[in-house]
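Line by line, the protein sequences give chains A and B.
Under this note's numbering, think of the first position of the first sequence as 1, with each following residue one higher.
Under this note's numbering, think of the first position of the second sequence as 1001, with each following residue one higher.
Just so you know, these hints were derived from the structure itself, not from any lab.
Hints are all accurate, no fakes.
Pair by pair, the computed Cβ-Cβ distance ranges are: (1) A:Thr122 / B:Gly1037: 19 to 29 Å; (2) B:Gly1037 / A:Ile140: 50 to 60 Å; (3) A:Val276 / B:Glu1004: 52 to 62 Å; (4) A:Phe225 / B:Gly1037: 22 to 32 Å; (5) B:Pro1188 / A:Ser10: 58 to 68 Å.
Here are a few chain B residues that face chain A, going by a calculated C-beta distance under 8 Å: (6) Met1001; (7) Leu1003; (8) Ile1086; (9) Leu1140; (10) Val1142; (11) Val1145; (12) Val1146; (13) Phe1153; (14) Ile1154; (15) Ser1160; (16) Tyr1322; (17) Ile1323; (18) Ile1326; (19) Ala1329; (20) Val1336; (21) Leu1337.
Glycine is no exception: its CB is placed at the ideal position from the N, C-alpha and C atoms.
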Amino acid sequence: MGEVLEIFLSASFWAAVIRIASPLIFATMGELICERAGVLNLGIEGIMVVGAFAGWMTVYSGGGLWTGVLVAMLAGMLFGLLHGTLTVPFGLSQHVVGLGITLLATASAYFAYRLALPRVTTPPRIEAFQPLPIPILSDIPLIGPALFHQTPLTYLAFVLVGVVSFVLFRTPLGLALRAAGENPAAVAAQGLSVTALRMGAVMVGSGLMAVGGAFLTMSAFNSFFFEMVNGRGWICIALVVFGAWMPGKALLGAVLFGMFDALQIRLQQTSIGADVPYQIFLMMPFVLSILALVIMSRRASVPAALMVPFNKGER
Amino acid sequence: MRLEAIARPSLGRLIGFPAIALGLTVLFGSSLALLAGANPFQTLGLILRGAAGSQFALLETLNRATPLIFTGLAVAVAFRAKLWNIGAEAQLYAGALMAVLLGTGALGWPSGLLLPAMAGAAMLAGALVLLGPALLKTRLGVDEVVTTLLFNFIMLLFISMLLEGPLKDPMGMGWPQSSRLVPEARLPRIVDGLRLHWGFALALIAAVVVWVIQSRTTLGYEMRAVGQNRQAAEFAGIPVGRVILKTALLSGGLAALAGFSEVAGLRGNLSLDLSPGFGYTGIIVAMLALLNPIGVVISAIFVAGVFVGADSMSRAAGVPTYIANIMLATALLTMVLAIALTRFRVRWD
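Just chain A, with the same shape it has in the complex:
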C-alpha cells in the first residue's frame, strides 16, 4: 500500500491526471452540447481522429499551433455539418449515421495520412504546445504543478466547461438549445427553428470533439499514429451519462477518469504490476466506464427528446 500512497503524493501524478483528462473534457463538452439539443453524436470517435490528424498535419506542414487547433475545429465542424444534415432535417437513425461518420472520418484521416507520408514507419514529431506555468500559482505544492503547470490547451479546456455551463443555463440561446432537446414542439411554437438549433449544436459540438482529438497530437503525444484515439470517444459518451448531462459533473467525471488512468499506468510499474498482467490495468478505464453507467442509470435524467427526430407539422 505504501507504493500506492507514494503515487498519490507525487506532483507528477496529479499533473498526469489533468493532462489525461484534458482531451476528454473537450470531447465530452462537445457530446454534451449535441445531446442537450437532442442529437446523439456517435461520430465522436472518428471526429477525434480527424481533429488529431488535421491539427498535427497543419503544424507538420509549417502552420502555427493555434492555426492547427482552428483547422482541427473546422474539420470537425465539417463532419458535424454532415452528421447534422443527415440526422436533423432528414431525421435518419442517429446510431447508423454516427457510426457511419466515425468510419468515414477515421478512414479519411488514415487515407490522408498515408497520402501525405506514404513510406513513414516512425511517425514524425512536431514542436507541440509547451507547458505555460502560471506565476505564483504554479508554485503551490501538489496543486500547482497539477493545475497551473499545463499547456494552454488544458487551461482552455477548463475555461470551456465554464463557458458551456454559462451558455446552457444562463442565456436565452442555452434555454432554446436545452428546450430543443426536451420539447422541440414547444421551441417551434415559439417561432424558433429546431433544425437550426440542433444543426448548430452538432456542428459546434463536433468542432470541440475535434479539438479534443487535436490535444492528443498537439499537447500529449506530439505525433500522429493509427489507433491513437483508442476508444476515448466512446468513453466520453459514457462520461456525458455519468455527468447526468451537466457540464460541471461531466468535468468531475473526466478528472476522476484521468485519475484512474494515471493510477493504472503507475501501478504497472509497482510490485502489484509485476504480479498482474498489464492488460488488466488497460481494461480498467473501460470497465470503470461501464460501472459508471450502471451506477448512474437510476439517477440519469436523459434529455426527453434525445434521438427523437423533429419534423415540423407532424404531431
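Assemble chain B onto chain A, guided by the hints.
The following block gives chain B in isolation, referenced to the frame of chain A:
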C-alpha cells in the same frame, strides 16, 4: 424544410435514389483515386479485377465474406428489434476463443462430434457476452450502444492477456498466438484444392435459418413488433424484455460463429489480428442489406469484394487501401439517405 410521407412510392423513386447513392459513392471513390495521383478508371478496374477477376480472386472474396455474413446477420437481427449491438467484434472473439479452447487437443473427439461442439460452445459464449449489456438495458436502462462498444476493448485486452499467458503457443517463437487446432477441429474445404471452407456454407445456412426465424416464427414477429414500436408491442402483451434478451442471445451467437469459422476454417489458430474489424463492418453489411438476412449474404459479398479488390489495387496502383473504408462509409451514408428519400418527399415551406 419538412418531410412528407409518401403512401405509395413510384418505381422510379424506389430504384432511382439508391442508384444515385451508388453513383455518388463511385464518383467519390474516383475523385479520391484522382487525389492520390492515380487514374480513377484504372483504379476502379483494378478493384473490380482484384475482387472478381479470377477464380482465385473470387474465392478470396467469398472467404472474406464469410465472417461478414455472420456479423452482418448478428447486426441485422439485433437492429431489427432496435437492440443496438455494436459489440459483434467482442462476440466474434468469444467464439474464436471457445473454438481454440475445445479444438487444440482438449477433446479427443472425431470431427463429426468436435466441430458441432466447438460451434455450439462458440455460440453460447457469444450469446453470453451480449447477454450482459442486454440485461443492463432491460433491467437498468443502461444504453447498450456504449456498453457493447466498450466491451469490444475489454474483450480484445482479455484475449491479449490469454495469448500472452495460459493460451500462448509454446512453439510460437514468442508470438502472442494460440497453439494450432488439431486436424479433427478444422473445417474442411468445400471442394478439394479450392481455397473455400465449409464456413461459407455454414454462413449461407445461417442466413436461411435467420430468414425463417424472422418471417415464419412467433419470435420473429415479436422481434419486429418490438423494433417497430416498443410501447405498442408492450400494450399488445408481448414480453418486450424477454424478446430483447432472446434477440441478444441469437445475435451474439451469430457473431461468435464468425470467430469459430475464421479459426476453424481459415487460420487454424487464434491471434489478435484475427478480425480486422469484422464486427464493425457487419453494421455496414446489415444496413446495406436493409436488415434482410438474405440481403446480408449479397451485401457481405459486395463489401468483401471492395476490401479484397482495394487490397490488390493498392499494391498495383499505390492508392492507400483505406479508400475501401471511405467508399463503404460513403455507400452506407448515401444509402440510408436514399432509402429515406424513397419513403419521404422533401417540402420546402
